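Asks: Chain by chain, the residues run as shown.
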Amino acid sequence: MAIVERPVTPALARGGPSTPALVTPSSALGVFRRPVSSTGWRSWVFTVDHKKIGIMYGVVAFSFFIVGGVEALMIRLQLAMPNGKILSANAYNQMFTMHATTMIFLFVMPTAAAFSNYLVPLQIGARDVAFPRLNAFGFWCFLFGGVFLNTAWFLGGASDTGWFAYAPNTSVAFSPSHGVDFWALGLLITGIASLSGAINLIVTVLNMRAPGMSLMKMPIFTWMVLVVQFLLLFAIPVITVALFLLIFQRDFGAAFFSVDKGADPLLWQHLFWIFGHPEVYILVLPSFGIVSEVLPVFSRKPLFGYKFVVFAGAAIGFLGWGVWAHHMFASGLGPVSVAVFSVATMAIALPTGVKIVNWTMTLWGGKLRFTTAMMFAIGLILEFTIGGLSGVLHSVSPSDTQQTDTYFVVAHLHYVLFGGAVFGLFAGFYYWWPKVFGKMLSERLGKWNFWLMVLGMNMTFGPMHILGLQGQPRRMQIWTNARAGDGFFNGAFWNLVATIGSFILALGIFMFILNVFRTTRKGAAAPGDPWDARSLEWMTTSPPQEHNFDTIPHVHALDDFFHRKYEEDEETGEITQVSNYEEIMHELHDKADKQFHMPSPSYWPVVLALGLPIIAYGVIFNRLLAVFGAAIVMFAIFGWSLEPSVADESDYEPPSDDESTKELATIG
Amino acid sequence: MADIAIPESTDLIPLDDAVTPAAADAHGHGDHADTGHGDSGHADSGAHATSTGLSNNKLAMWMFLGSECLLFGGLISTYMLYRGRHAGSPSPSQLYNLPLTSVSSFVLLMSSLTMVLAVSAAQRGDDRNTSTWLTVTALLGATFVGAQVFEFTEFYHEGLGFTTNLFGSSFYTLTGFHGVHVTVGIIMLMALVGIINRSKVPGNKAEVVEMIGLYWHFVDIVWIVIFTLVYLIPS
Amino acid sequence: MSTEHVVVTETGGSHDAVARDADHAEHEHGMTDKGYVVIAAILAAFTAAEVSLTYMHLPGWIFMTTLLTIMAIKFAMVVSYFMHLKFDNKIFTALFYSGLFLAIFVYSAALTTFHFFSPG
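Residue numbers (my numbering), protein chains in the order written: chain A, 1 to 668; chain B, 1001 to 1235; chain C, 2001 to 2120.
Source of the hints: derived by calculation from the structure; they are not laboratory data. Because the structure is a prediction, the values reported are computed rather than measured. Ideal Cβ placement from N, Cα and C applies to all residues, glycine included. Be aware that a few hints might be false.
[Said to hold, decoys possible] Once the Cα atoms are required to be at most 20 Å apart in a straight line, the calculated SDA-like pairs of lysine to any residue come out as:
(1) C:K2090 x A:L215
(2) A:K261 x B:P1092
(3) C:K2090 x A:K261
(4) A:K261 x B:P1090
(5) A:K261 x B:V1107
(6) C:K2034 x B:G1125
(7) A:K261 x B:G1125
(8) C:K2034 x B:G1088
(9) C:K2090 x C:F2101
(10) C:K2034 x B:P1090
(11) A:K261 x B:G1161
(12) A:K261 x B:G1084
(13) C:K2034 x B:F1106
(14) C:K2034 x B:P1092
(15) A:K261 x B:T1163
(16) A:K261 x B:G1088
(17) A:K261 x B:R1124
(18) A:K261 x B:F1106
[Said to hold, decoys possible] Chain C residues, not near chain A, derived (Cβ > 10 Å throughout):
(19) V2038
(20) A2044
(21) A2048
(22) P2059
(23) G2060
(24) K2086
(25) K2090
(26) I2091
Generate coordinates for the entire structure from the input sequences, incorporating the hints supplied.
Replies: This is the structure we're talking about:
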């Protein structure tokens, strides 16, 4: 049996059975002992375990999903009837701004981060990420940044400029509350989370693969995560520049985007969309990765054209940098620029189409099992294709000019982001839930969840195509019967349908929450490999042990776990089972490493992250507070720098040569 | 405050975060019976031999610097766009004190030399020379920042404030961001000297010096670009 | 560099990508302290040349081309020698220069839409 050694507590050090003289817990700055808890709240707050961090990302992100969902329902209620009175114009502006900001930055991105953090080390056969404390720091930045953003509601009102915050709407004259400041500073803080996470995950994927796992043997989800992290790595600094310029304009008197001072408001648009378009792929590629894992498992076939899917993903990531100005066709860029970006945008449909074809070919001739995860994956193919097609319409600049700032765009982006990104994430929830929590989500409730969401999303966003082509402007707080039109294209009818749809959608998501609660309370325990899956993360216990693998597996093939279970006859192509989960696990267990040190928990990531929102409040309200926050940050950086990532040798019990080694007692 | 977002949070962190090979090796992985791979990554918590054979810290640092290119690129572009919009203040060519800036550019360039000598000394395990060269580097960096403060004060007295016009805002933002990067570098250098003198460097000392060196040289090459594009090319 | 460095060269040497470097036995990344001083002297000379160029009244395009070329050379020299990129694994080069060229590409394209490079 492998022992995971834990740093011993002072109590153990003094009174324990081990040699007391050898055990002196290491400390940072000469004062602070490392945290050692492995149970209770401390084990979560100070953890550096990628799995715990992944779960925390997921829980917090889902909470923000509910917040963003409530905001969406308020918007739809306001628009359900003519002359809506639910929200004032001001509240309505804040509502749609925060709905988009929350869903993009606080739900989809962090949920993708949850999956990446949890699964990438498992999929590549590692015991943790390359920089465990940096990983924890990223999570706390996201949490504190997200909470900071939302405190704006209680401190004078949230941002009301739309999620892409065009000038001059962001100037103090048009948005006098502190909302935009909260928005900009909050996104800077969550940006730190994304950037540190990106660096961490790229190093992890490049450097920590199990022996034998070449890049082209990596699971496809890990591949897509790698592409996404590169996009984040290079896109985050661009939005950072834009946000700094905005903060300097609003809080320090500069005029970077003020036309009356001679500025070019298009500068913001460029900086925002140079970030913003890669961001679209940052949102959707993780879901593509999830679906590319789910479809082969439930089709009992390998992914069709693995290499093409990988290269298509990389191509999307690459081309994603050359198309940003298609968001600005209506801004008067000039015919040459519009033509260039128009063609580049059409080109990006090609690799996306390659993926759709590959998924379809994976299904073709497979032994399909319609589990909830599989249904969400197929749902993604269909709904995303609809969104992709309306996207192609936008690449044609004359048609785009017609549709800019209408509900047609709202329809398109929700088909892409909800039908694409969110469906993929739900497929991931159902697929990996048994691995992460050791319990099976109910398939019956899952089907309700799926069908209500499909019905709800098409009822909500489908009619928006019609509304948009009829000319209903985006971000319009109110509509009147006088302009609703009549017959099939009656805006009043379709607005009501959309609102009813949004509540059906919400009901579908409620089914998921209900499912989670029921499963947690009385769900069936999950077997280790319930879906007969293909990749390494399934070659662990459910939930995985703290150290993931008893011994690091040696990888010989793509879908290594599958190839350990099944052998293919080279002539007939017939697949025969040669082993099963239990046997493989037993084998790994017998070869278990005797000793290894897992990264030790640390106080510093959470302390460092806590300093950042304090600085941000300081910038808005009182510069002295900012100095205080900066002091915390400096202090934490020094503590962090002086603390080794793995506790000193002297923090551990001395290794025993005894074969009957024992699992150390949990220290609370 | 200006620069909390990028350097302070990420520069210092990677220095020691990855499990250092020395530490991991010390535990003797008795049970890896079938290693067999030159590049085997028995990624125990942090890998004592990584899949690529490259150091985690160094990969992270290079990626961070690649990312910083887009940060400074954005600031430089903003300046380029707005440099001609100087209503209400002297124009750039009237304002810039080329001899002073040339000298301070030279000082920063030479600090790259002393930095690389520090790295070289650290790789020989020569603590005394490492500390000396790091201190000299920090002093040269401080001279550069001092010259920048002097320059800013001069400009301010000649009528260019941060909010005077777009040229002023974008000039101070660009050079200020760079100055903050240099300052962060100086703090890291001085902290490193202190830690080396107390022999408390967590992890691989030579690598820590090398990482801070990479950051320092990056700040220098950004200035090479700024010096040419901002100061030498008239608007 | 101590242990780490040994790991890098040993395992690196077994990779074809860096096999070439292993032949150098990697003495201080192929550079001596004296070599660094020479590089610094060249950099200083280039800087002096840049500054003196601004005092000559050359035709605009010659001036710009020369100045930008010298800037690029200085940049590349610091990166290649002081930052060791010339002697290090190509992955580092790829990571850094992809960021650099991406920055040049997107920002030049953005400035082009502002007619920044158009004459007049």
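Asks: Are the hints correct? Go through all of them and say.
Replies: Right, here's what the structure says about each hint:
1. C:K2090 x A:L215: holds, 16 Å
2. A:K261 x B:P1092: Distance ~18 Å between K261 of chain A and P1092 of chain B Cα, so the pair holds.
3. C:K2090 x A:K261: Not satisfied, since the Cα-Cα distance of roughly 47 Å exceeds 20 Å.
4. A:K261 x B:P1090: holds, 17 Å
5. A:K261 x B:V1107: The hint is violated at about 37 Å.
6. C:K2034 x B:G1125: holds, 18 Å
7. A:K261 x B:G1125: violated, 57 Å
8. C:K2034 x B:G1088: Answer violated: K2034 of chain C to G1088 of chain B is near 50 Å, above 20 Å.
9. C:K2090 x C:F2101: Given that 20 Å is the threshold and the Cα spacing comes to 16 Å, the pair holds.
10. C:K2034 x B:P1090: violated, 44 Å
11. A:K261 x B:G1161: holds, 15 Å
12. A:K261 x B:G1084: holds, 13 Å
13. C:K2034 x B:F1106: holds, 19 Å
14. C:K2034 x B:P1092: violated, 39 Å
15. A:K261 x B:T1163: holds, 10 Å
16. A:K261 x B:G1088: holds, 11 Å
17. A:K261 x B:R1124: Given that 20 Å is the threshold and the Cα spacing comes to 56 Å, the pair is violated.
18. A:K261 x B:F1106: Violated, because 36 Å separates the two Cα atoms, which is more than 20 Å.
19. V2038: It holds; V2038 of chain C is separated from chain A by about 34 Å at its closest Cβ, greater than 10 Å.
20. A2044: Its Cβ never comes within 10 Å of chain A, the nearest being 31 Å, so this holds.
21. A2048: About 32 Å separates A2048 of chain C from the closest Cβ of chain A, which puts it past 10 Å; holds.
22. P2059: Correct as stated: the minimum Cβ-Cβ distance to chain A is 28 Å, above 10 Å.
23. G2060: holds, 24 Å
24. K2086: The claim holds: K2086 of chain C sits with its nearest Cβ about 21 Å from chain A, beyond 10 Å.
25. K2090: It holds; K2090 of chain C is separated from chain A by about 13 Å at its closest Cβ, greater than 10 Å.
26. I2091: violated, 7 Å
In summary, the numbered hints that this structure violates are 3, 5, 7, 8, 10, 14, 17, 18 and 26.
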